[in-house]
Amino acid sequence: MASIDIQNVKKAYGHVQVLHDIDLQIKDGEFVVLVGPSGCGKSTLLRMIAGLEGVTGGEMRIDGKRVNELHPKDRDIAMVFQSYALYPHMNVAGNMSYSLKLRKTAKEKIASAVASAASKLGLDPLLDRRPRALSGGQRQRVAMGRAIVRQPKAFLFDEPLSNLDARLREQMRAEIKKMHGDLKATSIYVTHDQIEAMTLADRIVAMHGGVVQQVGAPLELYDRPANIFVAGFIGSPGMNFLEATYHAGGVTLKDGTVIALPAPLALADGAKVTVGIRPEHVVMGGEGIGMVAGVDLVEPTGFGIILHLSLHGLAFKVFTLDRAALSAGPTVRVAFSPQHLHVFDGQGNRCVPSS
Amino acid sequence: MSMTADVYDRRQDRRPWQKRLADASEPYLYSAPALILIIVVMLVPLVVGISYAFRDIQLLNPFSGGFIGLEHFETLSKDRAFYTALKNTLWWTGASVFLQFAFGLILALLLDKPFMGRGLVQALVFLPWAVPSFLAGLNWAWLFNPVIGPIPHWLFDLGLMSQPGNILSDPQYAMWGPIIANVWWGIPFFAITLLAALQSIPRELYEAASIDGASWFQRFWSITLPFLAPTIAITVLLRTVWISNFADLIVVMTGGGPADRTQIVASYIFTQAFKALDFGYASAIALVLLVLLLAYSMLIILLRQTLLNKG
Amino acid sequence: MKTSLLPTIAHRLALLGYIVFALFPLFWLLKVSVTPNDLLYSEGVRMWPSRTTWEHYSFVLQHSAFPTFFKNSLIVSGSTAIIVTICASLSGYALSRFNFRAKYWIVGLMLLTQMFPLVMLVAPIFKILTPLGLTNSLTGLIVVYTAFNVPFATFLMQSFFDGIPKDLEEAAMIDGATKFTAFREIILPLTLPGIAATLGFVFTAAWSELLFALMLINGNNAATFPVGLLTFVSKFSVDFGQMMAAGVLALIPAALFFLLIQRYLVQGLTAGAVKG
Chain A
240 MASIDIQNVK KAYGHVQVLH DIDLQIKDGE FVVLVGPSGC GKSTLLRMIA GLEGVTGGEM
300 RIDGKRVNEL HPKDRDIAMV FQSYALYPHM NVAGNMSYSL KLRKTAKEKI ASAVASAASK
360 LGLDPLLDRR PRALSGGQRQ RVAMGRAIVR QPKAFLFDEP LSNLDARLRE QMRAEIKKMH
420 GDLKATSIYV THDQIEAMTL ADRIVAMHGG VVQQVGAPLE LYDRPANIFV AGFIGSPGMN
480 FLEATYHAGG VTLKDGTVIA LPAPLALADG AKVTVGIRPE HVVMGGEGIG MVAGVDLVEP
540 TGFGIILHLS LHGLAFKVFT LDRAALSAGP TVRVAFSPQH LHVFDGQGNR CVPSS
Chain B
261 MSMTADVYDR RQDRRPWQKR LADASEPYLY SAPALILIIV VMLVPLVVGI SYAFRDIQLL
321 NPFSGGFIGL EHFETLSKDR AFYTALKNTL WWTGASVFLQ FAFGLILALL LDKPFMGRGL
381 VQALVFLPWA VPSFLAGLNW AWLFNPVIGP IPHWLFDLGL MSQPGNILSD PQYAMWGPII
441 ANVWWGIPFF AITLLAALQS IPRELYEAAS IDGASWFQRF WSITLPFLAP TIAITVLLRT
501 VWISNFADLI VVMTGGGPAD RTQIVASYIF TQAFKALDFG YASAIALVLL VLLLAYSMLI
561 ILLRQTLLNK G
Chain C
2 MKTSLLPTIA HRLALLGYIV FALFPLFWLL KVSVTPNDLL YSEGVRMWPS RTTWEHYSFV
62 LQHSAFPTFF KNSLIVSGST AIIVTICASL SGYALSRFNF RAKYWIVGLM LLTQMFPLVM
122 LVAPIFKILT PLGLTNSLTG LIVVYTAFNV PFATFLMQSF FDGIPKDLEE AAMIDGATKF
182 TAFREIILPL TLPGIAATLG FVFTAAWSEL LFALMLINGN NAATFPVGLL TFVSKFSVDF
242 GQMMAAGVLA LIPAALFFLL IQRYLVQGLT AGAVKG
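Residue numbers (our numbering), protein chains in the order written: chain A, 240 to 594; chain B, 261 to 571; chain C, 2 to 277.
Quick caveat, the hints were computed from the structure, so don't treat them as lab data.
The reader is advised that the hints may include incorrect statements.
[As the list claims (entries may be wrong)] With a straight-line Cα cutoff of 30 Å, these simulated DSBU-like cross-link-like pairs (lysine-lysine) come out:
no. : chain 1 : residue 1 : chain 2 : residue 2
1   : A       : Lys340    : B       : Lys279
2   : A       : Lys392    : C       : Lys167
3   : A       : Lys392    : A       : Lys346
4   : C       : Lys180    : B       : Lys535
5   : A       : Lys359    : A       : Lys343
6   : C       : Lys167    : A       : Lys249
7   : C       : Lys180    : C       : Lys104
8   : C       : Lys180    : A       : Lys346
9   : A       : Lys340    : C       : Lys104
10  : C       : Lys128    : A       : Lys249
11  : B       : Lys279    : C       : Lys180
12  : B       : Lys535    : A       : Lys249
13  : C       : Lys32     : C       : Lys72
14  : A       : Lys340    : C       : Lys128
15  : A       : Lys511    : A       : Lys493
16  : C       : Lys236    : B       : Lys535
17  : A       : Lys249    : C       : Lys180
18  : A       : Lys359    : A       : Lys346
19  : A       : Lys392    : A       : Lys340
20  : C       : Lys167    : B       : Lys279
21  : C       : Lys32     : A       : Lys304
22  : A       : Lys416    : A       : Lys266
23  : B       : Lys338    : C       : Lys128
24  : C       : Lys32     : A       : Lys392
25  : A       : Lys343    : C       : Lys236
26  : C       : Lys180    : A       : Lys343
27  : A       : Lys343    : B       : Lys279
28  : C       : Lys180    : A       : Lys348
29  : C       : Lys104    : A       : Lys304
30  : A       : Lys392    : B       : Lys279
31  : A       : Lys348    : A       : Lys304
32  : A       : Lys249    : A       : Lys392
33  : A       : Lys359    : C       : Lys167
34  : A       : Lys423    : A       : Lys346
35  : A       : Lys416    : C       : Lys167
[Unchecked claim] Covered by chain A, according to a simulated footprint, are these stretches of chain C (three or more residues, beta-carbon under 8 Å):
no. : region
36  : 15-26
37  : 164-170
38  : 174-182
Just so we're clear, the structure is a prediction, and the values are computed from it rather than from any experiment.
For each residue, glycine too, the CB sits at the ideal point set by N, CA and C.
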């Protein structure tokens with residue numbers, strides 16, 4: 240197992256720069272998830288770590304050794320592809336043992352490595368099958384098996400679950416997490432699905448436009464998003480944003496509602512800010528500072544209810560467990576508790592308390 | 261995206277120069293054998309051939325070889341056989357391409373919808389394509405031969421011929437012999453190409469059109485044809501050039517006769533080089549043919565551009 | 002959808018017409034080749050002779066130079082097919098997997114070779130090959146045919162390589178393969194159908210080539226099948242049974258290859274038609 244150091248790494252195609260000065264230190268045994276919308280550069284970064292894309296600038300180290308110029312085969316990393324990339328002309332055992340054969344591992348060793356990986360993933364009865372005779376979930380397992388068989392320095396996952404249906408995805412997610420618990424292998428996992436990111440990661444790297452937005456533990460990103468992008472990306476349904484003005488001790492919304500803040504912020508009086516509140520943190524029906532909002536749509540999810548409201552003419556969402564919301568009238572009263580309020584400055588960055 | 265296409269920041273690139281050179285030359289090494297063959301066996305002779313057009317090159321005359329400027333082209337401009345060949349080429353190419361395309365399109369449409377035994381039928385109707393062209397020529401020459409073939413007798417029975425004679429020796433109709441052989445031989449090419457294009461049309465489009473109440477003809481006109489148009493355009497263009505150069509059938513079936521009635525430019529070039537051994541004159545005719553074909557291709561491309569710009 | 006009977010019948014009849022048109026000439030070839038000489042003229046246009054014979058075949062195989070022609074053609078077409086397929090695999094791989102500066106020039110050059118009349122090259126090639134001792138030699142024919150077929154075969158192979166996901170090569174490299182190992186152990190096995198198709202196309206093309214063979218070969222020793230058959234036709238133009246028996250023999254290898262590549266025809270010719 241290994242640590243991975245990414246220092247100032249850049250990537251450009253011709254004059255188009257797709258990654259800007261990425262800095263990231265991944266510790267031995269850590270599970271890091273790169274998350275962001277498509278086109279944010281997360282897959283490119285992963286492929287650069289794998290050696291499938293060249294590094295335009297900066298330095299990349301695996302276990303302290305510079306790998307910028309190293310061929311993928313010499314980096315000793317394993318990768319699970321979105322398409323699985325199983326070799327169609329080899330059976331499951333052949334797919335899993337190919338890397339060991341290339342390394343000229345002894346036959347008995349290969350056999351035992353394949354057998355143990357297969358039993359871990361429940362692939363024993365399928366070893367003689369060709370990939371085309373497997374279901375999507377089984378193919379996914381073989382791709383995982385191919386990776387774990389060789390005990391590499393690190394695992395790279397490129398959206399490995401996105402071709403599976405919802406139920407299988409959930410199941411495989413849990414298995415990946417369990418596998419990481421067993422193997423304690425350094426893992427880098429790329430996804431656009433924030434739930435995968437939240438559930439799997441030791442640390443999440445949120446990316447947008449080729450720039451790292453925030454690095455931190457999942458709950459840190461959820462509780463203290465560094466900027467509007469992260470705030471909106473993490474959490475489902477997404478965070479609500481409202482325009483407001485800051486003044487000492489609180490913020491004033493457009494309709495004049497004043498919300499007192501627990502601590503003063505490092506902001507000038509009268510500064511334009513954006514306040515964010517997660518749908519699950521909105522309180523309905525009274526106490527606190529109530530505001531009247533029109534009800535556009537009621538979506539029961541079974542577990543809870545999502546209300547689509549309009550507040551000051553803006554779309555606004557509320558998530559509640561209270562079934563009474565199902566029979567909500569044309570308007571409801573909503574209130575925010577100050578400790579759940581996120582305040583972002585004019586640049587979209589999180590405002591921190593002064594002092 | 262390609263691994264070797266990455267732009268390396270030169271200051272960052274710490275690969276040794278041998279490795280950098282090896283990486284950059286890899287695709288060239290892969291293409292080298294093919295390129296060398298093409299350049300040595302096709303491009304060099306092409307240039308040499310163009311130079312022959314301005315020289316006196318006769319194989320049996322050891323004193324030939326001198327530069328004679330445009331003399332071949334002067335001879336050519338007065339060569340009646342050449343003009344006949346040019347006219348025959350138009351006729352030969354036009355009729356062959358049109359008939360191959362029309363019958364090929366119908367065949368492709370027939371094969372497009374699934375039915376039992378389609379694989380077998382497809383193999384059978386495409387079989388002529390596999391027949392070597394010289395054999396196709398001989399085979400049809402024999403079919404037209406009243407001694408051995410049935411066609412003259414059928415035509416006689418239908419009252420289309422006063423007596424079972426050989427169409428290939430009839431100056432008025434001789435050209436139909438090679439054309440029919442060519443159509444027989446070339447239908448599969450068009451059918452295969454168009455079938456592939458037909459099968460890439462999304463089936464949902466037809467279903468949507470059917471639900472909207474479009475008749476078979478309306479669907480053909482508004483879905484099939486527009487989808488096929490690019491394939492048709494490029495296939496017809498390439499095939500026209502190819503057929504106008506295709507002398508095998510004529511050389512085998514009629515040798516250009518009777519009385520040059522089936523001589524096309526390509527077979528005339530071959531006759532000049534092979535029979536008269538006058539390489540200089542043959543090359544001059546070939547150069548004229550090349551220029552005409554280039555002009556034709558340019559014209560088609562220009563026409564396409566204007567049509568596209570209009571649309 | 003409802004299917005009415007009438008269009009179905011028309012559809013089948015039309016196809017039947019095509020089948021008859023496609024097969025009749027070949028049937029006639031076969032028919033005459035097994036008709037005894039004494040029945041050839043007396044029975045006229047009968048569809049099948051009242052008596053059949055193999056005597057034409059045995060004559061052609063035993064008393065003529067056809068076995069030599071057959072062997073020559075086999076050597077020329079086989080060698081051409083193998084060399085072209087090797088060259089085209091490499092160049093097709095380069096065009097499919099690399100972005101390099103000269104790529105568009107190479108594609109342009111190959112397209113150009115598909116456009117100009119090959120008859121143009123008859124005279125210069127003859128003149129160039131003569132001092133090299135490559136006229137009247139099978140080697141000369143192989144060189145010429147190889148060059149003629151490489152461009153089309155390259156486009157064909159390129160389209161087969163394009164059909165193989167790049168992920169597979171990348172997975173192999175991560176598994177520890179060099180680029181060349183990945184090419185050999187992952188890409189090539191998956192391209193086998195494409196390789197078979199290319200072999201078939203080129204073999205058939207070389208087997209059929211007539212004009213350059215006529216020009217570059219004289220005499221029976223190095224004659225290929227087309228040259229031999231044409232010489233035979235002009236020499237023994239009354240012996241129809243023997244000529245057609247020879248014709249049937251010439252058809253066999255081509256038809257065999259056709260059956261082999263039949264499945265890939267649509268894919269192959271599309272690649273050729275659109276790109277070549």
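Do the hints match the structure? See the list:
no. : hint                 : result
1   : A:Lys340 to B:Lys279 : holds (26 Å)
2   : A:Lys392 to C:Lys167 : holds (24 Å)
3   : A:Lys392 to A:Lys346 : holds (22 Å)
4   : C:Lys180 to B:Lys535 : violated (53 Å)
5   : A:Lys359 to A:Lys343 : holds (24 Å)
6   : C:Lys167 to A:Lys249 : holds (24 Å)
7   : C:Lys180 to C:Lys104 : holds (20 Å)
8   : C:Lys180 to A:Lys346 : holds (24 Å)
9   : A:Lys340 to C:Lys104 : violated (35 Å)
10  : C:Lys128 to A:Lys249 : violated (58 Å)
11  : B:Lys279 to C:Lys180 : holds (14 Å)
12  : B:Lys535 to A:Lys249 : violated (69 Å)
13  : C:Lys32 to C:Lys72   : holds (25 Å)
14  : A:Lys340 to C:Lys128 : violated (54 Å)
15  : A:Lys511 to A:Lys493 : holds (11 Å)
16  : C:Lys236 to B:Lys535 : holds (17 Å)
17  : A:Lys249 to C:Lys180 : holds (25 Å)
18  : A:Lys359 to A:Lys346 : holds (20 Å)
19  : A:Lys392 to A:Lys340 : holds (18 Å)
20  : C:Lys167 to B:Lys279 : holds (23 Å)
21  : C:Lys32 to A:Lys304  : violated (78 Å)
22  : A:Lys416 to A:Lys266 : holds (17 Å)
23  : B:Lys338 to C:Lys128 : holds (27 Å)
24  : C:Lys32 to A:Lys392  : violated (72 Å)
25  : A:Lys343 to C:Lys236 : violated (65 Å)
26  : C:Lys180 to A:Lys343 : holds (17 Å)
27  : A:Lys343 to B:Lys279 : holds (25 Å)
28  : C:Lys180 to A:Lys348 : holds (26 Å)
29  : C:Lys104 to A:Lys304 : violated (36 Å)
30  : A:Lys392 to B:Lys279 : holds (25 Å)
31  : A:Lys348 to A:Lys304 : holds (28 Å)
32  : A:Lys249 to A:Lys392 : holds (23 Å)
33  : A:Lys359 to C:Lys167 : holds (29 Å)
34  : A:Lys423 to A:Lys346 : holds (26 Å)
35  : A:Lys416 to C:Lys167 : holds (29 Å)
36  : 15-26                : violated (count 0)
37  : 164-170              : holds (count 3)
38  : 174-182              : holds (count 7)
Consistency with the previously given hints fails for numbers 4, 9, 10, 12, 14, 21, 24, 25, 29, 36, ordered from lowest to highest.
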